[in-house]
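Once you've looked at the hints, dock chains B, C and D against the given chain A.
Residue numbers (this note's numbering), protein chains in the order written: chain A, 1 to 565; chain B, 1 to 336; chain C, 1 to 310; chain D, 1 to 329.
Please note that a few of the clues may not be correct.
[Said to hold, decoys possible] Here are the computed lysine-lysine pairs in the PhoX-like style, where the Cα-Cα straight-line distance is at most 20 Å:
#1 A/Lys233 to B/Lys202
#2 A/Lys124 to A/Lys114
#3 B/Lys88 to A/Lys233
#4 A/Lys220 to B/Lys5
#5 B/Lys88 to A/Lys215
#6 A/Lys387 to A/Lys401
#7 A/Lys130 to A/Lys166
What the hints contain is simulated information worked out from the structure, not anything from laboratory work.
Here the structure is a predicted model, which means the values were calculated and not measured.
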Amino acid sequence: MNRIRTIQLGALVLLVALAACAAPTPQIIEKVVEKPVEKIVEKTVVAERTVVVQPTAVPGRDTLVVALARAPSGIDPADHSSREAETVIRNIYDGLVTRDHASGVHMEIAESVKWLDTKTMEIKLRKGVKFHDGSELKADDVIYSFERVFKTNAIEFPQPHTALRKGFLGPFGSADKKDDYTVVVNFTAPWPAGMQMLVHTQIVSKAYVTKVGTKGLIEKPLGTGPFKFVSAKTGFEEVMLERFADYYGGAPTLAPVGKACVSRAVFRVIPENSTRVAALLAGEVDIITEVPAELVGTLQKVPGIQVKTVPGTRPIWMEFNVAQAPFDNPKVRQALNHAVDKDLIIKKVYNGLAKPLAGPLMPANNMADPSLKPYAYDKAKALALLKEAGWAPDASGMLMKDGKPFAFVIDTIDSMRPIAEATATMLRDVGIDASVRVWEYNVVRPKLLARERQAYVGDWGDSTFDPVGHMEAKWHSLVTGSTYGRGNFSGYANKRVDELIKAGETENDPAKRKVLYYEAQKLIYDEAPAIFLILPEAIEAASARVQNWQPASDSRENLHDVCLK
Amino acid sequence: MKAVKILERMLATIPIMFGVAIIVFFFIRLTPGDPVDIMLGRSAAATQREIEQLRQQFHLDEPLHVQLGYFLGDVLRGNLGYSYIRNKPVVELLTERLPATIEMTIGALLISLIIALPIGILSAVRQNSLLDRVSMAGAFLGISMPGFWLGIILILFFAVRLQVLPAQGRLSYDVHLQEITGMYVLDSLLTGNWRALEDSLKHLLLPSITLGAGVAAIIARVLRSSMLEVLRSDYIKLARAKGASEWGVVMKHALRNALIPTVTVVGLQVGVLLGGNMIVETVFSWPGLGRLVVDAIFNRDFPLIQGAVMIYAITFVLTNLVVDILYTYLNPKITL
Amino acid sequence: MTAQTPARPARGWDYTLRIRLRLWQRALAELGYELWQRPFVLMGGVIVALFILAALFADQITIHNPTRGTLLLRFEPPAWEAEGNWKYPFGTDDQGRDLLTRIIYGTRVSLAVGLLSVAISVIVGTALGALAGYYRGWLDEILSRFADLLLAFPFLIFAIGVMAFLGPGFVNLIMALAFKGWVEFFRLVRGEVLAERTKEYVDGARVSGQSNLAIIASEILPNVIQSVFVLGTLRLGYMIIMEASLSFLGLGIQPPTPAWGSMVSSGRDYLLTAWWVSTFPGLAILILVVAINVFGEGLRDILDPRLKIE
Amino acid sequence: MTDTLLELKNLTTVFPTRRGLVHAVADVSLSLAHGELLGVVGESGCGKSVTMLSVLRLISAPGRIASGQILFQGRDVLKLSNREMRDIRGRDIAMVFQDPLTSLNPAFPVGEQIRESLRIHHIAHNHFAREKDRVLQLMTEVGISSPTDRYRDYPHQFSGGMQQRALIAIALACEPKILLADEPTTSLDVTIQAQIMDLMRRINDARGTAIVLVTHNLDLAAEFCQRIAVMYAGRIVEIGATDQVVESPQHPYTRGLLTCIPRIAAQRTRIEPIPGNVPDLANVPRGCAFADRCSLAQPICQQELVPFCEVAPGHKVRCLRVNDAGGAT
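Looking at chain A on its own, in the form it has when it is part of the complex (with noise of 0.2 Å):
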């Protein structure tokens, strides 16, 4: 036992060790404020640069490796489902069109789109973009590439199936050929998400996948991105990227325009945060993911390292299964948001590094309501908004009504688990009496879907800050074999929000569309079929040999202008 005393306190003499050389280093995380698109994208720098002093310095290192903390689930760009995946195919397959660090949409293989009309939009390709194999991307790849993510069992490998980013084309119905250069895609619906949505769909090239097949595109993918595939190690563990030299340069519009700045890429899975953290530590990675945000702290402190942050694209609620006494009184749910202190978990459990929601949509998407306040935290309030409800304290401080107490249980899933046990402690100290139950995510949405749960704390990705992807999915009522409700775990169902998020996905005034989402958001707001929690913020650390990096909003990890000083 004293061995494990000793080495215990050999770990924590280390620790203060790296810590003391660090004291006089000041704030060095940067933040990046979004604004809604249609203003200038500005950034809001808190602190530049501070100087700071290399862990290890490799000679003539010209390789940038970033951990990431899960492996990509594949690296086809129309048929993955994970955001490392999202990031790895990003580097090596440019769109048509890309976005910035915050919600700003900037063309890059396109040279232009344009909507004909509200259902027809017109793309001009830019001239001598180039694949890894070295021909010229033209209209027929465009068209292929759509053709292999929206038509049915499009993916012959390794069974035929139908890509799972078929959701990200919206309403398409089919696209044609004007000119080598020219493409023009006729949707079934208008389409006004179309240009956020556009981002994530990457181009292929036709006659290599032809050639190829989709087994051979996941093994040796080919695309026009900045780095060029040279190998993966057993499933996609480790993938190594190479500059592009006959990279058009990306995206005219946002600098620097070029071919990449490190020679070599290198993305590497290392899925425990402490070790994760380690390897940064010792030199072995350049940036690392997914930082939890206990260690902010610590790894502010050290001299060598830098930690940016920014605001993250998946809300956390506790959506509550609104079909259900006693959630289904709005009164009672209006109660539980004013009963939990959001600010009090920000500050505890992320460090402050993440926001209240008010609402629905996270504050950074194109349609969020600004005028939505966060319910406030509100013990008293909360209390007499029960009260109404008939829960009443007993002699213990308990809630009680006709003789029964107030008690539920909270379904998670692991990562949620500290939020989920805070927000449950927290109505505990109202006198409700929750608790908390650990799920594996695949295990407990059938049940969610079901209606057999009581409560769920979870979180959905809003990556596109469009509310098409997200309003659909989390609150319209469940419509079984189609994309909405999908993530409809309150079973929530409100006529007129049905009808506004169907409007609004049509809609192609932003005006117009404004005032249908705002009315489904405060209409979700007031009835409150959940509590609606935080955005958390993402998190990356990186040393200070690497510069001009910027952590992505939405995964999409852009290493193109990353430089190794």
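For chains B, C and D alone, coordinates are given in the frame of chain A:
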């Protein structure tokens, strides 16, 4: 003669493997509810077609014995089903990751032997000395030390603080190695790639120590107690009476006999090493079976779990086959 | 043979029982003496006893709620650290819950899972082992083959496999552990019974007209019970480690119920900032298991030296 | 006595135990001449084996030789370095152990174990073929048939008698001057016993090897040895030429040993087994250790250590009642 016996012993493992497959088959019967529902929970938009596909794979609509027949037939043909999460045949996933796990297991076994043999021998020879007491106390701790904890401490010390050993992975990104067996150390040797050899050994060291520590403790204890027993025996007295040096007595006469019970225990410990992989592979980002299984568990990837458990069991059975054969060479009395 | 039967009531059941009790008393006294001679073993026993007491009286000896904390008290360091507070001797966890309280309650889970899974293993293993060893034949053949098969699986991997399909939970955990745990008791008892059944006193009992089951229960089992007890003690530590490993992997006891394995696991992300969260539960596992092993091995040396090293 | 090869002077070997210090060998003096056949007789636990192990300094810790001298060819072996001691073991003084099965290393072929003796003492200059030839010769000599075939056999493939022969071969390998034979025939059946004893006698004849035969069987010693020492509770209680000891035993214990064995040759008037038990060696009575079991014991026997009394030239006995005892014969 011996060869025939060994062959017999090898053949005897075949029914065991069959039994393993049957037990693994029944795993899916343990699931409360419909396994297909649980598996497809992941994609809400599970099409009828996907459901049908799954039902077909498991032959869930057939009677049990027919299902078993299909399953065994598939296993015999090397078809362990299809992983939903990874979109790949299970066999492919397992075979591409097995070498990494085997490499680490062998590394851990070697490390544990390197630690355990001298400690076990010395503490028996110097029974009740300070060395004996300290190393036996250490052994008790080593058995119950949580693997991930030791791993992180080792990373902090050797990778972060001293920066002499890597914290994660199997090979540095800038070292090129032509893969033949998938076991990097072996591949480096086969291709005469010394740089890769050094690099892969460095990467192997910390995980092996982490994984091997507990096993080293057990082996040291077993070796010590059997050494003590052997050292009391008459033939050791005789060896001394012959005038043999103490080194000769201990290393030749005693060790050889003390190894006999130890070898059996080492064989059993391989099971512990295989189980420990899951935790250590996660800590050190080692792309082996263990991590695959952990992922599979959280994703309810039943075919993958079945396949992995089966592969583990088969590896274990084969290891013990090797141990049995080794045993006959160590112990002349046993002819299998 | 029937002629023999009337003779039995004279040596009535209560008589045999009394004799047995007296023998047991003597054995216990001897055991106490032997333990007194081995301070380390005794200490191991005392530590195990303390853990058991802590588990039994967790409600009485703790002042905090094991599952309820407040974020305001998140990551209070252990009392002896700079900002420590003796109200939370080992500090608090990520939910601001007192770590010591949780560790004490965690003892319940560890011991309950350990004891119950060993108990089931003992009962099933002993019963089947006795039947197989006594009757031999096809029953023995089937059971032995099945036991051999289970031995082909490494323990943790088998338990993980079973748990992955069963789903996490207290009862499932015990079932998964006992599912493989009985094999060793089966093999032990079967071996002993095989050896015992040929002895004279068994023949004697058979001649005196006792039924087979009665012979197994009253004549053979008392002779193997010591070995079973020793093996059971040693397996207890192993089962506790298995429980912790499964909980660590998220397959065991579900939070917020405090279980050492899941406490260690959920604390590992904080190892760099709040080392105590996973270290103390880890130490608890370490100490209890070491104590059980020291005690168990001591018992083995005293009661049944034949069982040396599994 | 100029012929003395080995001489033990006041040898005392002790073992600390939880119950106190055990004097396994207490103040034993013995001498062995070149080519002599000496018997050391006593019940098990009387210290005879420990005496032999002491000669080779093979007492395992925590036991130790507390005092006395062991002179081999005039040199005190207790003062030799470990290295020098190892040179003596096996080469000058060899030992044959009681249980041949457990004394042979089960992990090595018998032939190799014989060869090891040669190798250790560089008898054949570490020349394998010469060593092997010598081993085969030794095996033939001790009566192991077809040695070439049996060279690679393991101990468990040998019968008990053959194992004992192999042990003797190991002991003889370096042509030692002294052979310490510790109960060499106890675990063997009668016919084999006779063969082994025969073999040892031939060795003594042919090579002039002095043999110390340690046995609990006084008759065996009587048949084989020239001189006999009787030990009881760590001490020699009677020593003398075989005829003296067997024909006119002076110590009641010796007589007890003789009467324990039904003999055909000498008709005994009564058979009296020795009553009582061997005393606890950790707690040996101050006086005569045998007093508690002795029918002739008197209070004085219990009080002080009984000195040797030379009843005839070379025939010494530790008994206060020598004369009375003599009358009992």
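Checking against the hints above, which ones are violated?
Numbers 4 and 7 - these are the hints that the structure violates, sorted from lowest upward.
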